[in-house]
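Colleague: Given next are the chains, with one letter for each unit.
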Amino acid sequence: MKAFAPRSLDEAMVRLTEDPDLRLLAGCTDLMVGEPEDRLGLPGVLDLRGLSELRRIEWHDDALEIGAVTPFSQIRDSPEVQKSFPALAEAASKIGGWQIQNRASLGGNMANASPAGDSLPVLLVLEAQVVLVGPEGTRTVPYREFHLGYRQTALGPGEIIGWVRLPKPPENAMQFFRKVGAREAQAISKVVVALLADVSDGRVSEYRLAAGSVAEVPLRLTEVEKAMVGRAAKAEIANLAGHLAAQAVRPIDDVRSTAEYRRFALEQVVRRMTLQLVRRVPE
Amino acid sequence: MTLLGSSPPRPDGAAKVGGTLRFGDDLPKEGLWYGATLRSPNPHARIRGLRWNPERAPKGAVCIIADDLPGPNGVQLLDDEWPVLAEGIVRHVGEPVAVVAAATMLAARQALGAIEVDYEPLEPTLDLSAAANQESLYTLELRSGQVEQELERAHLLVEGTYHTGYQEHIYIECQVMSAWWEADDKLVVEGSMQCPYFVHRSLIHVFGLPAERSVVKATPMGGGFGGKEDFPSVIALHAALLAKACDHPVRIAYDRHEDIIGTTKRHPSVVTHRAGVDAEGRLQAMEIEVVLDGGAYRTLSPVVLSRAVLHAAGPYRCPNVHIRGRVLRTHTPPNGAFRGFGAPQVQFAMERQMDRIGRCLGLDPLEIRLRNVLEEGDKLPTGQVMDESCSARLCLEKAARETDFQERWQHLEAKRRAPIDGESMQGVGLSLYFHGAGFTGNGERVLQSVVEAALLEDGRIEVRTAAVEMGQGCDTVLPMMAAEASGLRPEDVVLAPPDTSRVPDSGPSVASRTSMVVGSEVAHVVTEIRDRILDWWSNSQESGAAHTVEDGVVRRGNGESWPFRELARRYCETEDPLVVSRQHEPPEWQVFDEETYQGVAYPTYAFGADVVEVVVDPDTLEVRPRKVTAVCEVGRVLHERLCVGQVEGGTLQALGWGLMEEVKLEAGHYLNDRLATYIIPTIKDSPEMEVHLLERPWKGGAFGAKGVGELPMDGGAPAAVSAVENATGIEIDTIPATPERLLALTSAHRQVPSGPQDPKRGRRPGG
Numbered sequence: 001m002k003a004f005a006p007r008s009l010d011e012a013m014v015r016l017t018e019d020p021d022l023r024l025l026a027g028c029t030d031l032m033v034g035e036p037e038d039r040l041g042l043p044g045v046l047d048l049r050g051l052s053e054l055r056r057i058e059w060h061d062d063a064l065e066i067g068a069v070t071p072f073s074q075i076r077d078s079p080e081v082q083k084s085f086p087a088l089a090e091a092a093s094k095i096g097g098w099q100i101q102n103r104a105s106l107g108g109n110m111a112n113a114s115p116a117g118d119s120l121p122v123l124l125v126l127e128a129q130v131v132l133v134g135p136e137g138t139r140t141v142p143y144r145e146f147h148l149g150y151r152q153t154a155l156g157p158g159e160i161i162g163w164v165r166l167p168k169p170p171e172n173a174m175q176f177f178r179k180v181g182a183r184e185a186q187a188i189s190k191v192v193v194a195l196l197a198d199v200s201d202g203r204v205s206e207y208r209l210a211a212g213s214v215a216e217v218p219l220r221l222t223e224v225e226k227a228m229v230g231r232a233a234k235a236e237i238a239n240l241a242g243h244l245a246a247q248a249v250r251p252i253d254d255v256r257s258t259a260e261y262r263r264f265a266l267e268q269v270v271r272r273m274t275l276q277l278v279r280r281v282p283e
Numbered sequence: 001m002t003l004l005g006s007s008p009p010r011p012d013g014a015a016k017v018g019g020t021l022r023f024g025d026d027l028p029k030e031g032l033w034y035g036a037t038l039r040s041p042n043p044h045a046r047i048r049g050l051r052w053n054p055e056r057a058p059k060g061a062v063c064i065i066a067d068d069l070p071g072p073n074g075v076q077l078l079d080d081e082w083p084v085l086a087e088g089i090v091r092h093v094g095e096p097v098a099v100v101a102a103a104t105m106l107a108a109r110q111a112l113g114a115i116e117v118d119y120e121p122l123e124p125t126l127d128l129s130a131a132a133n134q135e136s137l138y139t140l141e142l143r144s145g146q147v148e149q150e151l152e153r154a155h156l157l158v159e160g161t162y163h164t165g166y167q168e169h170i171y172i173e174c175q176v177m178s179a180w181w182e183a184d185d186k187l188v189v190e191g192s193m194q195c196p197y198f199v200h201r202s203l204i205h206v207f208g209l210p211a212e213r214s215v216v217k218a219t220p221m222g223g224g225f226g227g228k229e230d231f232p233s234v235i236a237l238h239a240a241l242l243a244k245a246c247d248h249p250v251r252i253a254y255d256r257h258e259d260i261i262g263t264t265k266r267h268p269s270v271v272t273h274r275a276g277v278d279a280e281g282r283l284q285a286m287e288i289e290v291v292l293d294g295g296a297y298r299t300l301s302p303v304v305l306s307r308a309v310l311h312a313a314g315p316y317r318c319p320n321v322h323i324r325g326r327v328l329r330t331h332t333p334p335n336g337a338f339r340g341f342g343a344p345q346v347q348f349a350m351e352r353q354m355d356r357i358g359r360c361l362g363l364d365p366l367e368i369r370l371r372n373v374l375e376e377g378d379k380l381p382t383g384q385v386m387d388e389s390c391s392a393r394l395c396l397e398k399a400a401r402e403t404d405f406q407e408r409w410q411h412l413e414a415k416r417r418a419p420i421d422g423e424s425m426q427g428v429g430l431s432l433y434f435h436g437a438g439f440t441g442n443g444e445r446v447l448q449s450v451v452e453a454a455l456l457e458d459g460r461i462e463v464r465t466a467a468v469e470m471g472q473g474c475d476t477v478l479p480m481m482a483a484e485a486s487g488l489r490p491e492d493v494v495l496a497p498p499d500t501s502r503v504p505d506s507g508p509s510v511a512s513r514t515s516m517v518v519g520s521e522v523a524h525v526v527t528e529i530r531d532r533i534l535d536w537w538s539n540s541q542e543s544g545a546a547h548t549v550e551d552g553v554v555r556r557g558n559g560e561s562w563p564f565r566e567l568a569r570r571y572c573e574t575e576d577p578l579v580v581s582r583q584h585e586p587p588e589w590q591v592f593d594e595e596t597y598q599g600v601a602y603p604t605y606a607f608g609a610d611v612v613e614v615v616v617d618p619d620t621l622e623v624r625p626r627k628v629t630a631v632c633e634v635g636r637v638l639h640e641r642l643c644v645g646q647v648e649g650g651t652l653q654a655l656g657w658g659l660m661e662e663v664k665l666e667a668g669h670y671l672n673d674r675l676a677t678y679i680i681p682t683i684k685d686s687p688e689m690e691v692h693l694l695e696r697p698w699k700g701g702a703f704g705a706k707g708v709g710e711l712p713m714d715g716g717a718p719a720a721v722s723a724v725e726n727a728t729g730i731e732i733d734t735i736p737a738t739p740e741r742l743l744a745l746t747s748a749h750r751q752v753p754s755g756p757q758d759p760k761r762g763r764r765p766g767g
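For the record, the sequence lines run as chains B and W.
FYI, the numbering for the first sequence is 1 to 283, going by my numbering.
FYI, the numbering for the second sequence is 1 to 767, going by my numbering.
Simulated from the structure, these hints should not be mistaken for lab results.
A virtual CB, placed ideally from N, CA and C, is assigned to each residue, including glycine.
Be aware that one or more of the hints could be misleading.
If the Cβ cut is set under 7 Å, some of the chain W residues that face chain B in the computed set are [said to hold, decoys possible]:
| no. | residue |
| --- | --- |
| 1 | D619 |
| 2 | T620 |
| 3 | M660 |
| 4 | K664 |
| 5 | D685 |
Turn these sequences into a full structure, and let the hints guide you.
Modeller: In structure tokens:
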């Protein structure tokens, strides 16, 4: 099996152009737990983790850029992320366990395109932009147009995920993240929820809600958002938000949980987050 | 000097922690080939055709099917009903149909594609309800007193049906076995196993070899938990058959996926209770039905059922008891040995039933148990009278006192009835349990375990047993026991490797018996060697005076002293080799009637009581155990740290089984056949553990030690579930108590009764 570990983005692009069947590696935490045949049968691999261009967290204009192979431990510990994007820092601290967080990367989580990816609902509510690098140069797509279907992305042939751009969130908006898994660590989500919301003049002024493991892709729950924005910020709206969220998803029974439980947990978590929002109680 | 009860470092510790120890799959072997297994995709089917196409396989690959076996197609355990390879019919998904070997692991996996099998699907029996009307794999019955009559007369009748699920062992090291044939048709097998002589017996059975031409060596083990009691015989046979066919050493090493789909698990159970109690809650009569899912083959199920039946009434006093046990056959992988061996299932049911009886009478979990706890002089349903080492009350009272149980439980009951939105729900639960030490019934008598000791030229004593270190600590504890008995130092004793060509059959490393039974005999044979040398020394001295031995030093009354090893070396120089062997005899008063199930089923019992505190998320019903207080009375603590470790590890395994571990099946297929989906507790899920070890030595040997390996598996699950009930009010009779199950029970309005029941209407519906 061929294995390449390029030292620069240019070198990586050359390799990939020459050999478009190479499997891209950004931490291997999904690959290594798959079927042995999937690993043993690979034509070759291109390990992107050595690319410093793709391993960085820095402000550019009004957006924080996070490189695709930046490991979650770095995101979790980054003061910039903690200050401006606490929901992402929280998600990074709940993925796998410490060992996984040291290897697994934001780009890998996106490329794997699982409905249960813990960082993905956060990217949805942060309205992340994804910068894709290809042989023809770069292009930028909103994250919600990147994750197309179950394990399907908008990555074209010869393209790799370069970095994401997180626009500076609205001043004073609150961010929430909650993962419901089968145990305290090393769990794949049964339900994962992110909320970015704000209250001004006694009314909900911003309400962006997304959930994972409740459909074939992580969903922005726009019906809930529309119903919430403009409402008086009172405890009663929490029940409505939870109820509408449960209506808006299409979970399934699978090896990790039941559709009934996922709907229930989503409803309860959204209710709780909304209560905290209206009470301005940080999580 | 008292060595016992201290905590010297374990000799195998540094290599295990440092990662330098070589396990079965790490051992180099010249010319090694790899084996792979073709498994049935059907739960039940006729094999109409089975063809090996060598031209489609990697060059040189070999294949073995049932027809190629040189002898009986059966794995010799209690009987040989379990096929080595499926013959004509497959009876579970994952059943081995053929095995292949090739020069690399990848080539071996590719060779599987060169086998064609034509299956004709047959109707499968997939669960206990479907199996209920079919012939049982095994049945047992135990009776004492007048049950029907007393149930009629009882003040209150309480019924309940309790369900427990599968459990997968998840030893860190998956199953691995290597085999090769040496000159003169001698078979050598080495790998990860708890019972070298079980494997030995199976090899002899299938290959028709004389005992000395089959050599079985246990490699250092990365955990067993019973999972390497029965199954290693299967994989050893596969490797040996392949090695014969390809004329190379062959290794079969399962990855986690194959280990989960291919090996045995804990028996799922359904236990039904009918109990009659008087107005004070004292048990008058119990009728208990125990049903285990044996899977497709009998394996060790009859003895698992036996232990289940003998523990089904718990450590309680009840004069009239009728217990019926059945193992049913389903078209699922065979279930087998797992730490606890049937006792955790039935004691989960008994403990839940006690809580239910308590609630029916308005008594808390402590009070209902205190009114029924087994004490010295009381009889078990087998008629066995409890002796002075019975410590159920001691454990129960200590656990309650340490945790302020009664007060906490009442407080949290009240708190539950006045919930505050968003506040986490807290609960506390209690369990009382016991575990019979050593083999069941006449098992030890039948085993005729033999232990040997031999004097080495360097003056140390080699102890020869088939006991295998699997993490439990026997390599640490056996020399300590020898030292304690003989006055030598642990380092004066060296353990021979568990290799059937070097050690006698001291029985399997199972049933919490190694310290209690093997350790007892080790102490005897080492002491006997010491005595022989001291006699020789005394006789060779003019004075002939008596000597004492302490800390490896021999002293005479006049103050003269010699290191024991020095004398032993001198003995070796002039005398014939010194080897002592001894066969274990259970106490003569341990007599059990296998027909009537009356008598002394176990020479002694260890006892325990657990208090588990949980927090339940009010939104998601996620359960987090926060603290466990475990009080275990183990007769005598041999090595304190290891003993505490057994209790902590077993308790966590029990919490996993009770709260999260769940094997999910669909049409006979395991759905969660990997560690990403079969969920066990991580260190972050482990609660704080406070372990109290108590000692009430029994009189039969081993310095009073009763065996501790399995005991802690019995108490964690019922206590945790009881705590969830205290926190949520949801009445739980099935484990694991996952949030999904709690939600389903909530939707079905399964709540605990709010107060005492009217006796006339006291029948609680069966769950």
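Colleague: Was the hint right that M660/W lines chain B, CB cutoff 7 Å?
Modeller: 6 Å, holds
Colleague: Should the interface hint for D619/W be scored as holding, given a Cβ-Cβ cut-off of 7 Å against chain B?
Modeller: It holds, given that the least Cβ distance between D619/W and chain B is near 4 Å, below 7 Å.
Colleague: Given T620/W was flagged as interface, is its beta-carbon under 7 Å from a beta-carbon of chain B?
Modeller: 5 Å, holds
Colleague: Holds or violated: is there a CB of chain B closer than 7 Å to the CB of D685/W?
Modeller: Holds. Min distance 5 Å.
Colleague: Would the hint on K664/W be counted as holding, given a Cβ-Cβ threshold of 7 Å to chain B?
Modeller: OK, holds: K664/W within 7 Å of chain B, min 6 Å.
Of the numbered hints listed earlier, not one is contradicted by the structure.
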